[in-house]
Amino acid sequence: MQHRTKASLLSIIPGFGQFYNKQWVKGLVFLGFGGAFLFAFGDMLNMGYWGIFTLGTEVPRDNSVFLLAQGIIAILVTLLGLLVYYLNFRDAYKNGELRDKNRPLSSLRKQYHNLVESGYPYVVSGPSFFILVFAVIFPILFSLAVAFTNYDLYHSPPANLVDWVGFDTFAKIFTVDIWRSTFFDVLGWTVIWTLVATTLQVGLGILLAVVVNQKDIHFKRVVRTVLVLPWAVPGFVTILIFAGLFNDSFGAINNDILAFFGIDAIPWLTNAAWSKLALILMQGWLGFPYIFLVTTGVLQSIPDDLYEAATIDGASIFAKFKHITMPMILLAIAPIIITQYTFNFNNFNIIYLFNGGGPAVPGSTAGGTDILVSWIYKLTMQSSQYSLAAALTILLSVFVIGIALWQFRRTNSFKED
Amino acid sequence: MIRFKKYLGLISFTALLFALVACGPQESDGDSGDSSDSSENAEETKELTVWADIDKSAGIEAAIAVFEEEHDVEIEVIEKAYAQQVEDLRLDGPAGTGPDVFTMPGDQIGTAVTEGLLKELDVSEDVQSIYTDVAMNSQIYDGKVYGLPKAVETNVLFYNKDLVSEDEVPTTLDGWYELSLELTEGENYGLLALFDQIYYANGVLSGYGGYVFGKDADGNFDPTDIGLNNEGAIEGAESIQKFYDEGLFPSGLVGEQGINVLDSLFSEGKAAAVISGPWNLGPYEEAGINYGVMKLPELANGENMSAFVGVKSYNVSTYAKNPELAEEFVEFITNEENSKTRYEITGEVPAVKALAEDPVVAESEAAQAVAQQSQFSELTPSIPEMNEVWTPADAALQTIATGKADPEEALNQAVETIEGQIEANHAGQ
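Line by line, the protein sequences give chains A and B.
Numbering of the first sequence is given in the numbering used here, commencing with residue 68 and proceeding in unit increments.
Numbering of the second sequence is given in the numbering used here, commencing with residue 37 and proceeding in unit increments.
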């Protein structure tokens, strides 16, 4: 039998392949890792795997939610273990192969230098990878897992156990009448909200930037400072103030502004359609300064030669805008525009602070201006529908990721040129 | 070849894991044994953790000192917003940092029991009988006692003595309606109430015979019997609607911001009267309003307006490290003597029957009003299905208030939604 085969077979017990290759120190390290892994995590893996399969069998001893978390941690730890285990096999095989070819093996000193030189990036990024796994991957896996359980008020620890139910929760969203109708209502408004509010803020930002950038405009700095102000005030303060301004019978908008023009009071907070309009206007106001700033930056970088050449060719001011300014701006800020869309899709603050998703709509579990994310909040905080909320979160993420990917692929900014 | 070797390794490792999986339950038996050991240890050191309401722990300081002395125990008191405590218990309890005794709103007892957060208490009939029936009932779910009442709150009527003299105060809702017609002019209003919310509007609806949940033969709330769209409720809603129709309530009084509008109109002296709770006694006084407090007005059919009673209670967590002692503490802290001391310091109206006639309580106009109104009041249903009532019922009342729907249609719609939500959220319990 070849050395590489023997070494790999022996590696089933970590380190023994290395011993066979007479690399004692390395072998001891692998054996030590293996032993320590089983010793330190044995109990945890045992409980974790048992827990994630059964989610507990006895009340009140077992807390299903904690067992689920332990189970996910156990899986993550196992994956890390398997990674080291794989390295153990690979190392034994590689060195066995060297022996088969009658080449000398690296000395301990050389191995150390190899590790330090070629392994340096991995050693340095190791801790952050570790944090990434437990701080980012773990919570995502957890909420993902909750969507496939029946975790709600009647199935919540410590009084009851949670069970795996597969896709039942997702099925419920589309089969139970009240969920389905609410889901599509909310989804519809979420999409409209995202498209209209974001387009408004982006359009307004670009327009103002181009106008302010015109050579003939004086006091540019002052104008720019004023236009950035909406962005400088913390958003939630602004939203709360707007909630007061839009008040149907006391707000300044109805009483002072509209009354001045002789327009009747508008039911901003009590009529869903007007609430939606108010929200879109507010978001336009809150969101344009950022786009304005970024666009201003881009405008500075467009060379004057282009415009001069265009002037000599007899291009009109609109032709210049259409063929020079706009393409340059879009090329540069496309990624930012996309993040603005995804941000508004999940813009919880403005909905929650303005009127809590109101006004109420008969026949729906969500309010008239609830977007998906604020509806999910209500399901979790008011109705204890944890699994349903988790399932909706997954649908929402799929939606956001899908749109973002699709848009990213269509923008020139990300194409290699 | 190498592929095969690699898989062999993986397979053997996975097999090892499954072997481990098989012995999970036995292992966890061992674990539970460990945890009971640790709770025995805790008993030896004798410590109790008590979560008290914000700014209210001063009221129980003296009693705690006595209890510590008598039972040789150390009590740690932590102040937390009382509506938040059950919420925190969900995570802090299993983590081992939770309280033994905490306080919570009575209408959440049902939900908390369903989740298994509350320990059943073994309280004798004698002890139960010292509290008012309404307050004690709020702590009973499925025939079992889960806490003892600490304080009761109910809505009362505040009126501005500078705008309405004490002799002329109407005692009927119709009287207030007439007075409001006179007083409402520009920015001035008569009686204001948040009748677009079921919490306040139920006082009128139930006076005419409406109800949220009916009761079955055993006195438990029956979630299949919803009385929000019966004839009485519709009649009640119609009598509410005329306040809105006549423009007696500013339209900004509707919705999320309504409560702020109501408070600020009364605080600025622009409203002659408001329906609100005892929590506003301090703020209105600070605003410099010379107000009087009285029970809610009578309805046209001679019934008194009812209100929802809010009960604050002391409860024992299922995670309590020292449950017997915690139970004893709950009984001790809510007894007559300690309730009285607590009332004197914090002003929270106690639920002890004997204290209603006690001069300390009887001399306070506000406490009297709360005590009087309590007679006509009912409990907020404490069953978990109640969570599904608030939003749809408020929605219906809002559409009634804004004149977008007539009462019958709106209430039918609301009941339909409530039934749908109960089916969606509470079926197959």
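Careful: at least some of the hints might be erroneous.
What the hints assert, rightly or not - Facing chain A, from chain B, some residues (calculated, C-beta under 10 Å):
hint: 1; residue: Glu223
hint: 2; residue: Trp426
hint: 3; residue: Thr453
Said to hold, decoys possible - Below 16 Å or equal to it, Euclidean Cα-Cα: the simulated EDC-like pairs (lysine to aspartate or glutamate) are:
hint: 4; chain 1: B; residue 1: Lys440; chain 2: B; residue 2: Glu282
hint: 5; chain 1: A; residue 1: Lys239; chain 2: B; residue 2: Glu459
hint: 6; chain 1: A; residue 1: Lys73; chain 2: A; residue 2: Glu164
hint: 7; chain 1: B; residue 1: Lys376; chain 2: B; residue 2: Glu97
hint: 8; chain 1: B; residue 1: Lys82; chain 2: B; residue 2: Glu115
hint: 9; chain 1: A; residue 1: Lys282; chain 2: A; residue 2: Asp372
hint: 10; chain 1: B; residue 1: Lys440; chain 2: B; residue 2: Glu274
hint: 11; chain 1: A; residue 1: Lys445; chain 2: B; residue 2: Glu292
hint: 12; chain 1: A; residue 1: Lys445; chain 2: B; residue 2: Glu123
It should be emphasised that the hints constitute simulated quantities derived from the structure, not laboratory data.
We treat Cβ as the ideally placed atom computed from N, Cα and C, and that holds for glycine.
Verification of the hints:
Interface hint status for glutamate 223(B): upheld, as the beta-carbon distance to the closest one in chain A is roughly 9 Å, under 10 Å. A hinted interface residue such as tryptophan 426(B) counts as satisfied when its beta carbon comes closer than 10 Å to some beta carbon of chain A; here the least separation is about 8 Å, so the hint holds. At a threshold of 10 Å, the smallest CB-CB gap from threonine 453(B) to chain A is about 5 Å, leaving the interface hint in force. Between lysine 440(B) and glutamate 282(B) the CA atoms are separated by roughly 15 Å; this keeps the pair inside 16 Å, and the hint holds.
For the hint linking lysine 239(A) to glutamate 459(B), the alpha-carbon distance of about 12 Å falls within 16 Å, and the restraint holds. For the proposed pair lysine 73(A) and glutamate 164(A), the alpha carbon gap of about 10 Å is at most 16 Å, so the pair holds. Annotation: proposed proximity of lysine 376(B) to glutamate 97(B) holds, straight-line Cα distance about 13 Å (limit 16 Å). Under the criterion of a C-alpha separation no larger than 16 Å, the hint pairing lysine 82(B) with glutamate 115(B) is inconsistent with the structure, at around 21 Å.
Simply put, lysine 282(A) and aspartate 372(A) have alpha-carbon atoms about 15 Å apart, close enough for the 16 Å limit, and the pair holds. Distance check on the hinted pair: lysine 440(B) and glutamate 274(B) sit about 13 Å apart at the alpha-carbon level, within 16 Å; holds. Under the criterion of a C-alpha separation no larger than 16 Å, the hint pairing lysine 445(A) with glutamate 292(B) is consistent with the structure, at around 15 Å. About 15 Å separates the Cα atoms of lysine 445(A) and glutamate 123(B), which keeps this hinted pair within 16 Å; it holds.
The structure shown violates just one earlier hint, number 8.
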